[in-house]
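Same order as they appear, the protein sequences are chains F and G. Going by the working numbering, 85 is the number at position 85 of the first sequence; the sequence numbering is gapless. Going by the working numbering, 448 is the number at position 448 of the second sequence; the sequence numbering is gapless.
These aren't lab readings, by the way, just hints derived from the structure by calculation. For every residue, glycine included, the Cβ atom is placed at its ideal position computed from N, Cα and C. Be careful, since some hints might not be right.
[Stated by the list, open to error] With beta-carbon atoms standing in for the labels, derived distance ranges:
| id | chain 1 | residue 1 | chain 2 | residue 2 | range |
| --- | --- | --- | --- | --- | --- |
| 1 | F | K125 | G | L529 | 41 to 47 Å |
| 2 | F | F69 | G | C405 | 22 to 28 Å |
| 3 | G | R506 | F | D35 | 45 to 51 Å |
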Amino acid sequence: MNNKYLYEDLLRMSGVNPKKCMRCGKCSATCPAYDEMEYHPHQFVSMVENGDIEPLLNSDSLYKCLTCFACVDRCPRGVEPAKLVEAVRLAAVRKQGANHLKADSVPDMLDDETPQQLIVSAFRKYSK
Amino acid sequence: MQRIGVFVCWCGSNIAGTVDVQAVSDALKNEPGVVFSTNYQYMCSQAGQDMIINAVKEHNLTGIVVCSCSPRMHEATFRRTAQAAGLNPYMVEIANIREQCSWVHKDIPTGTEKAIILGKAAVAKVNLNTPLTPGESPVTKRALVIGGGIAGIQTALDIADAGFPVDIVEKKPTIGGKMAQLDKTFPTLDCAACILTPKMVDVAQNDKIRIFSYSEVTDVKGFVGNFDVTIKKNARYVKEDICTGCGACVEKCPMKKVPNEFNLGMDNRSAIYIPFAQAVPKVATIDPNACNMLKNGKCGLCARVCAAGAIDYTQKDEYIEEKYGAIVVATGFNPISMDKFDEFAYNQSKDVITSLEFERLTNAAGPTAGKLLRPSDGKHPHTIVFVQCVGSRCDACAEKGKEYCSKICCMYTAKHAMLTRDKYPDTDVYVFYIDVRTPGKNFDEFYRRAVEEYGVHYVKGMVGKVVPEGDKLKVQASDLLENKQLHIDADLVVLAAAIEPDKSARPLATMLTASMDTNDFFTEAHPKLRPVESPTAGVFLSGACQGPKDIPETVSQAGAAASKVIGLLAKDKLTGNPCIAHSNELMCNGCSSCERVCPYGAITYEDKEFRMPDRTTLVRRIAVVNPAVCQGCGACTVACPSGAMDLHGFASGQIMAEVDAICK
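Next comes chain F alone, as it looks inside the complex (with noise of 0.2 Å):
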C-alpha cells in the first residue's frame, strides 16, 4: 500500500474499519449530495482500504459530504462512512499551507441566511 502511514492514521482518526464494508451501497444510495460528488460514500471507503487515497485528497467531494450522518445511521455493517470523510478531510486541512476557504470568496457564498457562527467555523475548519 502506497500511504501506509496515511491510511493508518485515516483509520485512527475516524475510528472506521473499512474492512467491514461488505459493499452494498447504501451510503451511496441514502446521500442526499450524491450528485455534487465525484467520488460517493462507497468509493471513499473502498479507496480508503485500497490506500488509494490522494485522489480522495485532492477532490472536491470532500466539501461537497454535508454531515448529515444519513449514511452513519443506515450502514448495516457499522462502517460510519461519514466519519471516514471526515477524516480525510482533515487530513486535507492539516497539510501546511492549504487554505480551502479563502477570505475573498467568502461574500460570493454569503446569503442573507448564512448565520455568523457558519463563516467563522467555516475559517477554522478550512484555513491555515
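Got chain F sorted already, so can you dock chain G onto it with the hints?
Just chain G now, kept in the frame of chain F:
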C-alpha cells in the same frame, strides 16, 4: 497402585502443530503410576485404538490417559476401546490438549508446557478412578413434537410411520405453519397448499398422531427416555370433538373487524374464526380479546347458530400431563419487525410490504384472491421494487438487524419477481441485491431464468430510502456497477425481511435445558456430525429453529430428526450415566440443602436406623439419590455443608488431585 498408559494424539497437525507431542509423552512417562507412554498420529483411528488395546494387554494396564481432543468428541470412542481391551470404560480419562490447548496457543513451548500440565492432571485423576457400572432406565415409547409447521409435520409423520405414537403441540389453532401461508415454492413453483395440505390431512388421519392445537408446553421435567411434560390447552371456547368446522358461526359472528393474522393483518376476520379453509383440525376458535360474549356477556349468536352445539363460553384452559421418551423442537421462525427500518417507510405507507405479506397478496386464498393489488388503493402496481437483505447480514454491533444471512430471501425474491413478470407483463420489476446467493439444486438456474427469460431488472446495490409522495413511493438507490444513484417512482416496495427464531423458543430452551446461540437458534450437538440433535440427550431439532432453512432442507432435517427419535424409542432400556451423586450416610445430617438445589428432583430422604456403640438404636434422616433420575450435575456436592454428597467419577478427592497436579 494403578498401572497407567498414556497415549498422546497428534490429531494430524491439529495438536502436533503447536504441541511437541514427543516431549509430552516423554514428560508424562515419569508421573506416578504411569508405566507406558507413547504418541501417535491419529489415536482415534483403528490403528491408534489397536495400539491402546495391545498396550493394555502387554503392560497389564489398569488405567488409560488419552491426551487428545475434547472429551465431548471422543471420550465415548476411547471408553469403548478400553472395554474392548477388557478394562472398565470409566478407567479412561481424556486430557483435552486440542480445543483447550493447541487451538488456543500459537507457540510450541507454551502449548507443550500446558499439554504436559493437563496430562499430569489426568494422570492424577486416573490414579483415584474406580470402575463404575452404569444403571439402566426404561424408555417411554412416545415422542413429542413441539411446533406444527412443515418441520413438525414431517417429523411426526416419519416417527408415526415407524409405529411409535407422536403428539404435536402447536400454539396456533391449526397446524401448517408458515408454509400454509405461502403461494408457490421455489425452485419448481408447485403451489405450497397443494403439497402441504395433503400432509396435514395425513397427520389428522394417522391414528398414531395426536394434535394439541392452540396449546403450548408449559413444563418439562425428567430426562432422556423419561420426560414428564405439561401441555396447556388454551380454551378455544369450542368443543373440539363436536365442532364440524361448518363455518356457520364464522358467517354469523357480528364482530368482523379483527385483523386477520393469517393474512398478516391485510384483511379482517370475525371473533370466532377458522384460520383458513384447509385448517387441521378444522375447528372454530373464539378470540377472547374480540368476542363480545366473552368480554361483556352480550351476543351469544354463534352458540345459537351452531347446529352441533359445540360452543362453550365457560371452557377453561386445560393442563395435560404426558410422558415422552423423546422431544423434537420444531418451533420455526418469523420475519423480524420492520419498525427500526424507518428509511424504508414501512410504517408510513401501506404499499411498503414484507415478502411474507407479498405471498399473501399473490395467494389465491389471500385477501385479494390472488390478484396483485396495492394494499392502499387496490390499484394494479406497475413498478415494483424488491429490496433484499433488509436486516440480514448486519454488523454485530449495529442496533438493528441480524448478523447472519437469512438464506431463503434470494430465492423467494427471484420467485416473486419471476411470477410477477409472468402474470403481469406490463410491470417493471427491480430487485436490489448485495449478493445473489443461490447454492441449492436448480437454484441458480432459477435465478438466471428470472433475469434472462422474465426480464427482471437485477441491480447490484442497496435502496437507501423510500419516501411516500402522492400515490408513488420515491425510491432512492445505488447502482454500484454503473456508479449511479437511481431514483425510481415505485407503486409497491417489497422488503425481504430477515428471519429470526420464534419468540417461544427461548423459554422453551430453558425448560428443556437445551442450549441456544446468541441469535436464539437452538445449538446442535455437533455442527457437522450431529446436526439434528441438541447437546441435551433426548432433545432433537427440526427445521428453522436451528437456523434459517428453506423447505427442502427443513424436510430433510425433519426426516433426520425422526430417524434419531426412532433409534431412541426402538430401545427398551437406556444405559445411564454412572457418574452420579451418592450420599455418605454416616456424614449426612439430613439438612435438605441438596434437595433444594437438585434440578431433577432426584433426591429424597429416608429415616434410617443406626446402631450406636452403646448398642442403642438411633433413627436419623438421610439423603438418598435416585440413580435413574440423577444426571450427575454435581450441584448437590457443592451445596452439601457436611461433605456427605459426592459424585462418582468426579469425586472431590479426584478434582483436588487434579488441581494439585496442575499447581505443583
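Comparing the hints with the structure gives:
For the pair K125 of chain F and L529 of chain G, the supplied restraint of 41 to 47 Å is violated, since their beta-carbon distance comes to about 60 Å. Range check, F69 of chain F to C405 of chain G: about 27 Å between beta-carbon atoms, so the 22 to 28 Å window is met. A C-beta distance of roughly 47 Å is found between R506 of chain G and D35 of chain F, which places it inside the suggested range of 45 to 51 Å.
Going down the numbered hints, you'll see the structure goes against just number 1.
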